[in-house]
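**Student:** Given next are the chains, with one letter for each unit.
4 protein chains.
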Amino acid sequence: MGNTFGQLFRLTTFGESHGGGVGCVIDGCPPLLELSEADIQADLGRRRPGQNRLMSARQEADRVAILSGVFEGRTLGSPIALLVRNEDARPQDYDPLRDVYRPSHGDFTQEAKYGVRNWRGGGRVSARETVGRVAGGAVARKLLETECGVDILGCVERIHAIQATLDPESLARDVIEASPVRCPDPQVSAAMIAAIDAVRADGDSLGGVVLCIARGVPAGWGSPVFDKLEADLGRGMLSIPAAKGFEIGSGFPGTMLRGSEHNDAFRFREGRVRTETNRSGGVQAGISNGETIVFRVAFKPTATIRKPQRTVTRDGQETTIEVRGRHDPCVLPRAVPIVEAMAALTLADHFLRHRGQTGRAGSAF
Amino acid sequence: MGNTFGQLFRLTTFGESHGGGVGCVIDGCPPLLELSEADIQADLGRRRPGQNRLMSARQEADRVAILSGVFEGRTLGSPIALLVRNEDARPQDYDPLRDVYRPSHGDFTQEAKYGVRNWRGGGRVSARETVGRVAGGAVARKLLETECGVDILGCVERIHAIQATLDPESLARDVIEASPVRCPDPQVSAAMIAAIDAVRADGDSLGGVVLCIARGVPAGWGSPVFDKLEADLGRGMLSIPAAKGFEIGSGFPGTMLRGSEHNDAFRFREGRVRTETNRSGGVQAGISNGETIVFRVAFKPTATIRKPQRTVTRDGQETTIEVRGRHDPCVLPRAVPIVEAMAALTLADHFLRHRGQTGRAGSAF
Amino acid sequence: MGNTFGQLFRLTTFGESHGGGVGCVIDGCPPLLELSEADIQADLGRRRPGQNRLMSARQEADRVAILSGVFEGRTLGSPIALLVRNEDARPQDYDPLRDVYRPSHGDFTQEAKYGVRNWRGGGRVSARETVGRVAGGAVARKLLETECGVDILGCVERIHAIQATLDPESLARDVIEASPVRCPDPQVSAAMIAAIDAVRADGDSLGGVVLCIARGVPAGWGSPVFDKLEADLGRGMLSIPAAKGFEIGSGFPGTMLRGSEHNDAFRFREGRVRTETNRSGGVQAGISNGETIVFRVAFKPTATIRKPQRTVTRDGQETTIEVRGRHDPCVLPRAVPIVEAMAALTLADHFLRHRGQTGRAGSAF
Amino acid sequence: MGNTFGQLFRLTTFGESHGGGVGCVIDGCPPLLELSEADIQADLGRRRPGQNRLMSARQEADRVAILSGVFEGRTLGSPIALLVRNEDARPQDYDPLRDVYRPSHGDFTQEAKYGVRNWRGGGRVSARETVGRVAGGAVARKLLETECGVDILGCVERIHAIQATLDPESLARDVIEASPVRCPDPQVSAAMIAAIDAVRADGDSLGGVVLCIARGVPAGWGSPVFDKLEADLGRGMLSIPAAKGFEIGSGFPGTMLRGSEHNDAFRFREGRVRTETNRSGGVQAGISNGETIVFRVAFKPTATIRKPQRTVTRDGQETTIEVRGRHDPCVLPRAVPIVEAMAALTLADHFLRHRGQTGRAGSAF
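Chains as they are written, first to last, in this note's numbering: chain A, 4 to 368; chain B, 4 to 368; chain C, 4 to 368; chain D, 4 to 368.
Just to be clear, a hint being listed does not mean it is correct.
To be verified - Pairwise CB distance ranges (calculated):
{"no.": "1", "chain 1": "A", "residue 1": "D170", "chain 2": "B", "residue 2": "A193", "range": "37 to 43 angstroms"}
{"no.": "2", "chain 1": "C", "residue 1": "T322", "chain 2": "B", "residue 2": "E37", "range": "28 to 34 angstroms"}
{"no.": "3", "chain 1": "D", "residue 1": "R272", "chain 2": "A", "residue 2": "Q95", "range": "56 to 62 angstroms"}
It should be emphasised that the hints constitute simulated quantities derived from the structure, not laboratory data. A virtual CB, placed ideally from N, CA and C, is assigned to each residue, including glycine.
Using the sequences and the accompanying hints, generate a full structural model.
**Tutor:** So this is what it looks like as structure tokens:
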């Protein structure tokens, strides 16, 4: 249970880090969308380990194969199955983990739930699980770009205490991607890199905050009660490994404002209703208002560290663990394409749901 | 769309603040649970306006009627329909809002989505919509208490900049409920009351943070990918009107720690695996670990304020609005039972889903 | 569980025959549809008991109240809650049924499932449960008529061995409704009436077959695998109390033809692709083909009869039962509006799902 | 949309007959079930073409690979992905079908819905699509056998007018499987074979009826309104290619009985409540009653025949078609394992749903 995301644009993912592979099935994608493996490979390349020295040294090309749902370069409207074979697995790295629980990892809880776990690599609780999300998200992104002109863009805003001051409206993809940590401020980016280098040398890890925006979402997506756009975005983000918090627009800091300071005044600009400020983050009462969608996701420091930690074994013995293997000392740079993928999946689903109920792709105005 | 919450324990709500009433249908509740209207009325009483001078003066007894699903004092396993009639509606209060959009409210977005809105009271974008949540949540809470010994408890941790320092493990319901703002620290509570009084006099509003815990959740609820327990809790909380942020355990502040500082060491205590600290907030890799579940929800300052604000009319004219009517200058005290309700609904659903897949109510150990 | 029907146009029903009432919540209805209680009352009037001497003498006006979702005569896009109060309940009629299971009724199975049942009236296993279906179906029908020009029409084709020979293409509502048994052939109708009169006098009951058509469905609704249009229609029909069989187009008799006799040749007529014959029943490979949809539903003879029957008590004693109360000796005439309602609900849902995925209400051609 | 079946035990299938392969993802399977590729291969072998001269000569070994969800021979509780590569595709066979619609096939309706189709092999409208169903059904069957002792068994009861007289209670798998047409009556089986041989020689096709039973289902599975067990079984069966009808228990013929003849008297036998007869087919009011579940599925004659047929081209020209390729003149023998698979999937889902709501695998008694 729980491996499907979305109602009309539905992603189902599968696979463990050690096994036949990881992948996904996308059901409900509109027909006639131009789609090739290259469209998907681009985002997988941004997610894969080994992009630079800040990341896990694990080397996986993560070559995706489209197994179904595409014919003569266009989607058929039938399920799109995508498969990425596992390659650079080193299962022997995991032998010491067979009978011991890594702190703040999913070893113990998986075993408590199921009575069993794939101790070679963490099973479904592995960064590798996100391959299916990013592959599916690439299809959602292509749909949103092509049919709605929506552009989704994430970056690293903070690592540990090193924070960039960013204007969501002026983010640009090439500037972000030019930074090894995906932070568009060059000076802050350099400081972040230094911090990650230091913590890696120390066998420790860091967390931080990803900022993500979606431009071009028309007014009208989402709904006013349980399936608020921010609720479904939040669910998508909080389902990413290591995510501990989500905020839309003004978020937690916005609680320090008075209503008269926080409200976004309406103006009539460029032939449509606009807000002067965007503390709402592009969503009001669960429905997009035509402004840029802005949200943030908090990621805890990577649980897997080299430093010795106290823990217990499966049979209840207290022990100390020093985890070997190839792990990211900071997941933030690789989390950016995952955040974007979950945003694309959420928005694509709400696009189709809105179109189903109203017959329109966007606003009634 | 979007008026149903949950997969096995499913709540569907309906109703506008001005119309025949508000209510809900609960489908999937286990049979043979003792249930009476009094069980539900208690939580509705904590949610209703007019409890004290800090809240909207709207007077509604919010009497709930069980229309179906209960027979001779016990649930049948069939749908439980609950109805609360509207009583103290003053629709004339809303006449000035027919053609103008209140800033940071749902007037504009509802109309952009549907091409129509119930301008008498905000339609589904009304605090009154939450009656169905709280009624349904009361049934979920009763189920969790009776079958699993789970206790859910919320309180106000911060209003504007006035913050209580609270230990989640030592919260007590009677202390919380003794405070008109539902803050268990008497001194902080008094300061909060003063702040709300001041802002109300000024025609303005305040936001803040609700802290909520769930004690007694066994290890094993939730699942490791999209339906992580924190993801579904987050979705539930972010679907509450005025919520702008959610965090589990260490949340956003936890990103300032290193992995070695953040990880929760495992120990073997009281015959079972425990963690020494609880920065995970009771959930690891999407699955409960048997510790107290701890999360926080950020609420923005109430959008409806008396101060004049700039906005536009339906036909695109720029204007100024001064909203009359009976509104809460701070939603936090009344948000507490709503947060608890959404927590109960989320946990009840995951309880049944876990039991369906594994045949056990709790942990495999 | 199991009280919701549909994915985008979703009906949730509630209520027992003895309790506060029966009703439904419709979620996902498009906005701006003109809708009044009169639209719904018409179909409820065709479903209610006591329409003529062939039916249960139970007298219930079945007055529907729209509690939410409609504003100034049009739908809002929010949930439409409909309530019908119970009136002519005679719970004492059911006292003898407290501890005994009526043969081929749901008394035993409900108790086996839930460990409890509402023995006053059968609980959810009551013809009265269908009020919510018919009320919801009336909204679906209005939507289909208004937005798509779809017309749904059912009639009684056979009662026991008395069969009408009907051409699905030439059915007319007024002719059908002029017959107390809803059979458009006057002579066959008279014979059916005589048969029902005879069996009622004998304390026994009859079954039969309902024929239903939907005209004006465009090519393209449905999907080719699990959610075939005939599969979802079949599920809807087989969920009606007393239904034991479903067939689309040529159905069971069509298995007596060879492929060369059965296939529907394509022709180009009136500017579009048509079939010369319609053994497919308007659906090919799960998707409507633009021809009239034609299907049949088999209803068993009413389980509740006055004749003495052998059965057992809750504590395992063998006994004999003679059921009193006011029951239909043949459900077929009243089943017609229920069949139409389930057809309307199924088609409305597939209309919205098709529009969501493709952006079109109908065919790509 | 529409490629997922089930709510707790969920099957998602993918793949076209010409492409990378066909397969499925099973989500929600309980953990710790022993499962190997051999368990799945057995049923795939019963479904594959080329088993004998009565079937399509297409030769595909249909080797299944378990990509995920199984570890050290047991299920993990995570998604089980199964893949069967396409092997013996002869796409050139389909070139003549690029611009013409085969009568009573899905060529036209797929194109009407999506505006595109994979004309090489029919896309999702291909017997090959059922590989994913049978693979998933094999896992469901293993679960039901292991945890509940449920045994599901199908056979061919009728081909064209050649009918076997079978007692559902005495069916035996080895006798059925000993017949090339899967009919347990040797004389009838021989007549069926002769009929298929004759029609194949003639370039024509035949339909018929599959009978299926499930033994050992406890009382209590299913629910009393929309998700009746017979409704979900019916949906599953009507979703199989070429299915045109479904009936449970007495079905259509049962409408020729009076209530006093049709009702199943209750008796107390072997320490539990039993029925003397089983016209209900093991389900009453949507819930299993502990008797053998008995249902039938009508399959039309194969649409693809060699005889010339009149049809139209994509640009509206009337033409004649003679379909080449390797097709079954009668799908019934190969439909048996598909019917069993859909029954297993439906029952496994209701098993888990019942356990989720009630905490019991079976009856309350």
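**Student:** Does each hint hold? Answer for all of them.
**Tutor:** Now for the hints, and whether the structure bears them out:
{"no.": "1", "hint": "D170/A <-> A193/B: 37 to 43 angstroms", "in the structure": "holds, 40 angstroms"}
{"no.": "2", "hint": "T322/C <-> E37/B: 28 to 34 angstroms", "in the structure": "holds, 31 angstroms"}
{"no.": "3", "hint": "R272/D <-> Q95/A: 56 to 62 angstroms", "in the structure": "holds, 59 angstroms"}
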